[in-house]
Each structure stands twice: as C-alpha cells, then as structure tokens.
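*Asks:* Sequence:
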Amino acid sequence: MSSSLLILLPFPPYTTYFTLFPSIFLCQPKQNLSNSLSFSTMREILHVQGGQCGNQIGSKFWEVICGEHGVDLTGRYNADGESSDNHLERINVYYNESSGGRYVPRAVLMDLEPGTMDSIRSGPYGQIFRPDNFVFGQSGAGNNWAKGHYTEGAELIDAVLDVVRKEAESCDCLQGFQVCHSLGGGTGSGMGTLLISKIREEYPDRMMMTFSVFPSPKVSDTVVEPYNATLSVHQLVENADECMVLDNEALYDICFRTLKLTTPSFGDLNHLISGTMSGVTCCLRFPGQLNSDLRKLAVNLIPFPRLHFFMVGFAPLTSRGSQQYISLTVPELTQQMWDAKNMMCAADPRHGRYLTASAMFRGKMSTKEVDEQMINVQNKNSSYFVEWIPNNVKSSVCDIPPKNLRMASTFVGNSTSIQEMFRRVSEQFTAMFRRKAFLHWYTGEGMDEMEFTEAESNMNDLVAEYQQYQDAAVDDEGEYDEDVDGVEEDYES
Numbered sequence: 001m002s003s004s005l006l007i008l009l010p011f012p013p014y015t016t017y018f019t020l021f022p023s024i025f026l027c028q029p030k031q032n033l034s035n036s037l038s039f040s041t042m043r044e045i046l047h048v049q050g051g052q053c054g055n056q057i058g059s060k061f062w063e064v065i066c067g068e069h070g071v072d073l074t075g076r077y078n079a080d081g082e083s084s085d086n087h088l089e090r091i092n093v094y095y096n097e098s099s100g101g102r103y104v105p106r107a108v109l110m111d112l113e114p115g116t117m118d119s120i121r122s123g124p125y126g127q128i129f130r131p132d133n134f135v136f137g138q139s140g141a142g143n144n145w146a147k148g149h150y151t152e153g154a155e156l157i158d159a160v161l162d163v164v165r166k167e168a169e170s171c172d173c174l175q176g177f178q179v180c181h182s183l184g185g186g187t188g189s190g191m192g193t194l195l196i197s198k199i200r201e202e203y204p205d206r207m208m209m210t211f212s213v214f215p216s217p218k219v220s221d222t223v224v225e226p227y228n229a230t231l232s233v234h235q236l237v238e239n240a241d242e243c244m245v246l247d248n249e250a251l252y253d254i255c256f257r258t259l260k261l262t263t264p265s266f267g268d269l270n271h272l273i274s275g276t277m278s279g280v281t282c283c284l285r286f287p288g289q290l291n292s293d294l295r296k297l298a299v300n301l302i303p304f305p306r307l308h309f310f311m312v313g314f315a316p317l318t319s320r321g322s323q324q325y326i327s328l329t330v331p332e333l334t335q336q337m338w339d340a341k342n343m344m345c346a347a348d349p350r351h352g353r354y355l356t357a358s359a360m361f362r363g364k365m366s367t368k369e370v371d372e373q374m375i376n377v378q379n380k381n382s383s384y385f386v387e388w389i390p391n392n393v394k395s396s397v398c399d400i401p402p403k404n405l406r407m408a409s410t411f412v413g414n415s416t417s418i419q420e421m422f423r424r425v426s427e428q429f430t431a432m433f434r435r436k437a438f439l440h441w442y443t444g445e446g447m448d449e450m451e452f453t454e455a456e457s458n459m460n461d462l463v464a465e466y467q468q469y470q471d472a473a474v475d476d477e478g479e480y481d482e483d484v485d486g487v488e489e490d491y492e493s
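Each residue of the sequence shown is one higher than the one before, starting from 1 at the first, in the UniProt record's numbering.
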C-alpha cells in the first residue's frame with residue numbers, strides 16, 4: 001500500500017527539488033556558479049592570541065597575512081597590480097568580509113593586562129581588528145600559571161568564549177583554531193590552556209593547533225618558568241591536536257648565525273615565526289598542485305595521539321648580503337629546511353629520529369622535483385628516520401609564493417629529539433619542586449600539590465614515550481615468524 005502511495009505522489013515544486021538535487025540545476029553562467037559554490041571552499045581558521053608573547057607573535061602574523069592577501073592598514077583590499085583572483089578566492093579562511101567591504105581578521109585577542117592590547121591598537125595594523133574582539137583584564141597574571149588558569153583567567157574566560165562563539169558562528173565551515181601563546185608566563189600558559197580546554201569541550205571535532213613558545217635553555221625571563229611550562233604541557237598533551245614548538249634561543253641563533261643580525265629584536269624573531277605560520281596554512285588560502293590542511297597535516301604527522309609536538313623550520317633564510325649569491329631552487333630549499341641549525345626550537349634532530357615530517361613548498365615548481373628531493377633526503381639520511389613507518393615524509397605544493405620571494409618552504413617534523421626540551425624543563429621543575437620552592441604562590445591561588453605531581457609524571461611519561469619509539473625497531477614486536485625470516489634471507493641472497 002505504501003509503495004503505491006509513493007508512486008502517486010506528485011513531484012515537489014522546483015524550489016524544493018533544487019534544494020534536494022542542486023547539481024541538476026547548476027548550468028548557469030560561470031561567475032554565478034563560482035559564487036554559488038564558494039561556500040564549499042571556505043575552510044575558516046579562527047586565530048586566538050593570548051598573553052604578551054602570544055599577542056606580539058600574533059600581530060606580526062597578521063602583518064604577514066595582510067601582505068599576502070593585499071589587505072591594507074584599514075582592512076581594504078589593495079590589488080597592487082597583482083592577480084586579485086588568487087588573493088581574494090579564499091581570503092575568507094582568515095578574514096570576514098564586512099558589509100562596508102572591509103576585511104576583518106577572524107582573530108580573538110586576550111590578555112590579563114591592558115598594556116599589550118594598547119600597543120597593538122596604536123600600532124600600524126591596530127585598526128583592522130574588530131574592537132569587540134579585544135578582551136582584557138586589569139590585574140595581570142604576574143607570571144603565575146594558577147592566576148591565569150584558576151583565578152584571574154577564570155573570571156575573564158567567559159567573555160573570551162563569547163567572542164570565540166560569535167566568530168565561530170560567522171564561519172561557513174570552521175576547520176579549526178590556531179592559538180599563539182608562551183608557556184613560561186602566566187596568561188599565555190595558564191589562561192591559554194584554560195581556553196584551549198574550554199574550546200575542546202565546545203568544539204570537540206575541530207582541529208586545535210598551537211604555536212607554543214617554550215622556555216629557552218639558557219635565556220630565562222622568569223624563575224618559575226619550569227612550573228608554568230610543565231603545567232601547560234600537562235594540558236596540551238590532552239587538549240591540543242598539533243603543537244608547533246618554538247623557543248627564543250633557537251630563534252636568536254637563527255638571527256645571529258644565518259641572518260647575520262647583530263642585535264636581533266623580538267620583532268625579528270616574531271617575523272621568523274609568522275613565516276612558518278603562514279606557510280602551514282598557505283594551501284588552504286591559495287590554489288596548489290598538492291594540497292594540505294590542518295587535518296591532513298595531523299593525520300600524516302601524528303602516529304600516536306600524545307606525540308603531537310612538532311619542530312618547525314622555514315627556508316630560504318639568508319643574510320641580506322648573501323641573497324644575490326644564492327639561487328632559489330628546490331634542492332637548495334630542501335637542503336636548508338632539513339638543516340638542524342634551521343629548527344626553531346632548541347632540540348637537535350640529529351640526536352633522535354623522525355617519526356614523520358611534512359614539507360610545504362610555495363612557488364612555481366615541479367611536483368616531480370619535490371618528490372625526488374624528498375626521496376633523496378630519506379635515502380641519504382635513512383638512519384634518522386624510523387624504518388617502521390615507510391614513506392614518512394608528506395609534501396605539498398602551493399603555487400603562490402610569499403611576498404617578495406620566488407619560492408619558499410615550510411618544514412614541520414615530528415622528531416623524537418623533541419624530548420630534549422621536555423627533559424630539560426622537567427629537570428628544572430624537579431629541582432625546584434623537591435624543595436617546594438615558590439610553591440606558595442600557586443597553592444595561594446587554590447592549587448593543590450597533587451596537580452604538580454601529576455603534571456611532572458605526565459611530562460616524564462611523554463619523554464619515555466618518545467624514547468621508546470626512538471629505540472623501536474621493525475622486528476621488536478616479533479611480527480615475523482621463522483618461516484618468513486627464512487624466505488627473506490633467501491630473497492636477499
């Protein structure tokens with residue numbers, strides 16, 4: 001009976017039919033077609049920056065992105081004689097177009113004191129941000145993780161989440177979040193990790209990528225850095241998908257050694273970081289031959305869920321004086337991006353092995369040449385790659401190079417040598433925690449010693465995990481039985 005009823009039903013009106021089967025009706029002029037389908041290419045990223053360090057890195061990043069997309073200091077598009085199609089096609093990844101034709105960054109800026117916010121507002125790009133998206137307190141976190149996570153930060157977090165929600169609702173298809181913060185202070189570490197855990201609760205299926213500035217081995221700004229960093233890593237292991245690990249000392253070294261700057265400023269350091277940040281997402285924003293995005297990056301780089309702390313690098317990095325003597329070629333970029341001196345964190349990849357790596361190239365180049373170079377690197381340095389993950393280097397090629405460069409590349413590597421950083425911080429943490437030094441500042445904000453003990457053991461577990469996979473060999477699990485071994489020996493002979 002029901003089947004005959006179905007046959008007798010009339011066709012729905014055309015409007016309804018279009019909503020059910022839009023592809024049948026898509027024979028229309030080309031420009032309308034691209035407009036009607038533009039929603040499918042929008043993969044927005046919501047940017048959050050917290051604390052003094054995070055806000056300074058973040059504001060430098062927006063300078064770079066504005067330059068790449070031709071957005072001027074007022075948020076207007078300024079073609080500058082270049083192809084507008086490439087600039088505007090996917091500008092929505094990082095920008096929201098307002099009714100007045102201005103491009104407004106999808107950015108949330110937070111801090112527990114007004115100082116950094118004021119300097120961003122009064123800076124050259126201060127006018128492009130939505131005024132409502134500046135969320136700040138007055139008291140500061142005083143380099144105390146507990147203040148950022150449990151007291152001062154907890155009072156401000158709802159206001160920040162409201163702005164995050166508003167921005168997320170204005171997206172067509174939010175791909176994920178990127179957070180800039182440091183782990184040594186109070187706001188970026190304490191309130192930053194609080195925000196990450198709240199966002200994770202509310203948007204569990206969106207990607208969470210962080211650019212985290214770790215305490216430097218020799219240069220210390222704050223005595224309690226090891227406490228703040230260990231408590232932060234405890235949170236990042238559980239709540240972040242991808243952590244790009246940076247530190248000031250490695251960045252200073254790049255400025256001194258490679259760029260030959262005699263007195264590098266934080267601005268120079270932040271410029272290095274922003275080049276990497278834009279490189280990681282360039283495939284989402286510009287057309288390319290081999291695309292990559294936050295989720296593809298995670299799927300290809302994270303063999304085990306807790307091991308998501310990456311080393312990053314960028315090429316070309318050359319001093320002003322030697323730029324004219326260097327030819328920008330794919331082999332040249334490849335050689336520099338894999339160079340240990342080029343890594344932006346204080347861990348030496350030669351002391352460990354790569355579980356996985358990703359190379360994101362930008363500019364006009366042949367994918368065949370890129371593939372050949374990647375295979376070449378793996379063959380020549382096979383001892384530095386774990387043999388039980390074959391073909392563990394992912395590459396992508398984006399056609400549009402960064403501003404003022406013919407080609408460039410961004411490197412992201414998951415190396416077991418990153419444990420050097422965790423081990424160093426853990427040793428400093430243990431030395432102070434054994435004597436309960438400075439602990440009263442944290443317990444005074446309501447924290448319990450137990451939380452310190454848990455964070456310490458989580459960090460030590462992480463180091464042990466990296467070491468375990470560094471030492472692992474193909475046949476550790478005993479997958480092969482004797483017969484198979486015999487066959488293999490015959491084959492080799």
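Note that these hints are calculated values from the structure, not bench results. Warning: the hint list may mix true and false statements.
[To be verified] Below, computed lysine-lysine pairings styled on DSSO-like, alpha-carbon distance capped at 30 Å:
| no. | residue 1 | residue 2 |
| --- | --- | --- |
| 1 | K260 | K364 |
| 2 | K218 | K166 |
| 3 | K364 | K296 |
| 4 | K341 | K380 |
| 5 | K218 | K296 |
| 6 | K296 | K166 |
*Asks:* Are the hints correct? Go through all of them and say.
*Replies:* Status of each hint after checking the structure:
Using a Cα cut-off of 30 Å, the hinted pair K260 and K364 holds, with the two alpha carbons roughly 28 Å apart. The suggested pairing of K218 with K166 is violated, with an alpha-carbon distance near 41 Å, which exceeds 30 Å. Distance hint between K364 and K296 is fulfilled; the C-alpha atoms sit about 22 Å from each other, no more than 30 Å. For a cut-off of 30 Å, the pair hint linking K341 to K380 stands: about 18 Å separates their Cα positions.
With a C-alpha separation of about 35 Å, the suggested pairing of K218 with K296 is violated against the 30 Å cut-off. With a CA separation close to 26 Å, the supplied pair K296 and K166 stays within the 30 Å bound.
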